[in-house]
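With the hints as extra help, turn the sequences into a complete structure.
Keeping their order, the protein sequence lines are chains A and B. Those letters in the first sequence? Residues 36 to 596, by the working numbering. Those letters in the second sequence? Residues 1423 to 1757, by the working numbering.
Fair warning: there could be bad hints in the mix.
Pair ranges (Cβ atoms, derived) [said to hold, decoys possible]: (1) P272(A) / L1683(B): 34 to 42 Å; (2) A1565(B) / Q79(A): 29 to 37 Å; (3) R1479(B) / N143(A): 38 to 46 Å; (4) P473(A) / F1447(B): 17 to 25 Å; (5) A1565(B) / A255(A): 43 to 51 Å; (6) H1587(B) / K575(A): 13 to 21 Å; (7) P473(A) / W1744(B): 44 to 52 Å; (8) Q466(A) / A1566(B): 33 to 41 Å; (9) T285(A) / A1565(B): 55 to 63 Å.
Because the hints were derived from the structure by calculation, they are not lab data. Heads up, the beta-carbon is just placed ideally off N, CA and C, and yes, glycines get one too.
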Amino acid sequence: MSRRRSFARLLAPLVALAMLAAACGGGDGGDDSATPGDDVGETQAGGELVDGGTFLGDPPEHIDPALNSTLDAYQVVNALYDGLTDIDASDPDNPKVRPHVAESFEANDDASEWTYKIKEGVTFSNGEEILPSTFQKSWERATNPDFAGDYSYLFNFIKGGKEKLDGKAQTIAGVKADDATRTLTVTLSAPYSNFDAVSGFQLFMPMPSEATSDPATFAAYENGLMIGNGPYKLEKPRTDQEIALVKSDTWAGDADGEKWEDRLDKITFQVTADADTSYNALGAGEVDTANIPPARVDDAESNWGTTLDVDILGSYHYFFNGRNPIVGGEKNKLLRQAISQAIDRDEINEAVYNGSRNVSTGITPPGIPGFAKGICEFCALDVKAAKKAFADWQAAGGKLAAPIPIQFNADNGHEPVAQILIDNLKEVGIQAVAQPFPSETYFSQLAEGACVICRAGWFADYPTYDNFMYDLFHGESLDGNNYGFQSEKFDKIVDEGKATVDKEKQAKLFQEAEKVLLNEEIGVLPINWYRGDYAYDKDKIAKFTQTNFGLILWEQVALAA
Amino acid sequence: MPSYIIRRLLLLIPTVFVALSFLFFLFFLLPGDPVDLIVGGADRTVDPGVIARARARYGLDDPILVQFKDYWLRTLRWDLGESFLNGRSVNELLGERAVNSARLSVWAIIIEIIVGITVGLISAIKRYSIADKLTTIGTAAAAAVPVFVLGFVFQYLFAVYPNQHNWPEWARLRTSRLGPDEWFLFFIPQGEQWRYLILPALTLACVSTALAARMMRGSMLEVLQADYMRTARSKGLTERAIVVRHGLRNALIPVVTLIGLDFGTVIGAAVLTETVFSWPGLGFTIADAVGDRDLPVILGLTLVVVIVYALVNLLVDISYAWFDPRIRLGERGKS
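If you want it as structure tokens, here you go:
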């Protein structure tokens, strides 16, 4: 999942300015940094919160669960809708999938068929009851070929999903809804033992019949008064300036049935065109939360509550395009190794991000079930080994005709990272040059094969190892999210892992796949893992919890008494 | 004069046609297929059938000339289409954004006129005085400081700092956003509104005010040395009458030209100010639409910017005749 920061790109590189503003001084709060969810003081019931930390740059393109692909808008979607399942991330190292709108779920022995029993009495905020057929209709809406969103490829997991998306079928063959027995049966196109987590993702959320009845109105639905089944409902149709949510009295509660009756009465998501402006608005008391620009990390820690201590399930990395003659293929493996060992990831984290991220030791971040630390053998700075690998590559006939392009989407704050990479590579004798691409077309150009060494980032959609291995590096994702990694061996292990029901065995398989990716093929350069980046007014907000998915648990946010 | 105005208004038609047609064709030269962005092709492997259907839905599968013809037929009916991105009516978007831009621009220009002309005038009359030197330094600095730096500094000084030091509520300006959107006589802020308007208006005005002051100073200095000014002095007129009646009107012509051009620019291209202050205006929206390859929004909003620009230029030309009665609009020069 991407994080949309569109027009703020114009101002993002202005680190010096941000530092100037930071030097001007901070708020008048104390110096104790709050840990989200810990030491919650006295709280009050209800109240209003103005959020300035979620929407930076542009207003969200979509807030329809079937269309949205950004973490930012997922904050709203998550407050408006509940899915079949939910992720309990209260233990960040051991997230669990739990039934939510479903009362229970189970898979057959090979995880090729999943059966969900839908709870009774769960309704949308307009009183419409949620039935198994509600999900069926919602999924048929989400796979309408004229409407389908960026994430609709996930329906390929379901038998007949691809045919429906391609317009070759009217229904999804693998989805059977029986309202009488409240049973939803989903047959997959291939065994997939993590489908329980996937089925709670926003794409699979239920939509009321007013949204699913007329295909002509699908696209416009999100511009009106959308009806959901979550803890909040829209107060009025969204505008480009703000999205206002109010407490929904018909909410059935979270996965435990807890209704958080004292939750906020109203949440207003304000759109701010720039991260520094958002942060200044917090300082001026105009908003209660803000995004923390990298140069303001110290100031935020001193003056505000922050979520900087939340390890987000997300990776920042550079792909090697395996099909590119400069860096791809078996013959350039030593070059890729030299590059990986030449990178000073600590320097990047300190110099660019003010220490606000975690240095990667692999692609899959801690918190993903099956995570193992230190999988990458070549991700630690080792200039001597890098020089040797480069010399060996040259001795074997390798030669660089021109500096290697280090590619990134321009004006999004990635330039300083690329510059450090270039400087690091120069240390070991490898010439490289920054190659910024226009932000708007960057990823489509990569998907079309433009990648040599290209930047990318990924936030987990759900806490599964395959959300990183399959979605980013599998052959079926090639030219989608995968910008050039190809390995039959890797694909085979990932396929086996996806189909494996035994969680321990599955974890070992995915770790093995990641070792192939990082150590055998050296197909990617892990750089860092994200951390939370919200600042909030801790004098006003007593509890503000960000999960490691990056989602704020809005129903649990509480104001100080 | 009336025939001159009519001719200039008629000239608007080819101006708008050429500008927008140029923009239309330029759009197709930009890298990146808008359909890729519409269907989210940047983030996923999209079925070719889906791409084809999206292309057909927005008429992007037609030859460019057909699209061009359709565009103009729609535009003549003032149907500016719908955003590729979210299906919103461009007419509605235009209604919101153009008004916001106009309000901000009017205030920026008012500041530019009052401060720029006054400072330039004093600076010229009190040449080489402390005030003149300070003005020279001040205007150079104001013109040199980038808009976004100025914006953030203003935010800190007038919004963040007062809040942190518990200044009275009325003295705390707002960092960003449009505010309650309450106006009297279209552009006079009401209630809380002025607290949202001041900083973006000041920031937007800053550079052009400095330039106007510099131009006013130079123009006035030139006029003060003109023969007719000596004649006026020899007639025994007071210095005030000389400066105001004879000097100022002549010196204002180049300054008015600058201010007129500025108005056209700030209404459609105040991108940085609108970004820093999250002011939902035309410039920010157009720039964003270019990024998103959202052709209907680009063309719809630019249409208005071009019209406003042309009209403001016409007003500036008309104003020449008022400032200097020797100028006869619409008459060919005699040799």
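- Message: Given a hint of 38 to 46 Å, does the C-beta separation of R1479(B) and N143(A) actually sit inside it?
- Response: Because 40 Å falls inside the window, the suggested range holds.
- Message: Given a hint of 29 to 37 Å, does the C-beta separation of A1565(B) and Q79(A) actually sit inside it?
- Response: violated, 50 Å
- Query: So does P272(A) sit 34 to 42 Å from L1683(B), Cβ to Cβ?
  - Reply: Once the Cβ atoms are compared, 39 Å apart, the range 34 to 42 Å for L1683(B) and P272(A) holds.
- Message: Just to be sure I understand the hint, the distance between the Cβ atoms of A1565(B) and A255(A) should be within 43 to 51 Å; is that true here?
- Response: Cβ of A1565(B) to Cβ of A255(A): about 46 Å, so the range 43 to 51 Å holds.
- Is 44 to 52 Å a correct range for the gap between the Cβ atoms of P473(A) and W1744(B)? holds, 47 Å
- Given a hinted range of 13 to 21 Å, is it respected by the beta-carbon distance of H1587(B) and K575(A)? This hint holds: roughly 18 Å between Cβ atoms.
- Message: Looking only at beta-carbon atoms, does the pair P473(A), F1447(B) fall within the given range of 17 to 25 Å?
- Response: The hint (17 to 25 Å, Cβ to Cβ) holds, given that P473(A) and F1447(B) are roughly 19 Å apart.
- Query: For the pair Q466(A) and A1566(B), does the Cβ-Cβ distance stay inside 33 to 41 Å?
  - Reply: holds, 37 Å
- With 55 to 63 Å as the target window, see if T285(A) and A1565(B) comply at their CB atoms. holds, 58 Å
Comparing the model with each numbered hint stated earlier shows that hint 2 is the single one that does not hold.
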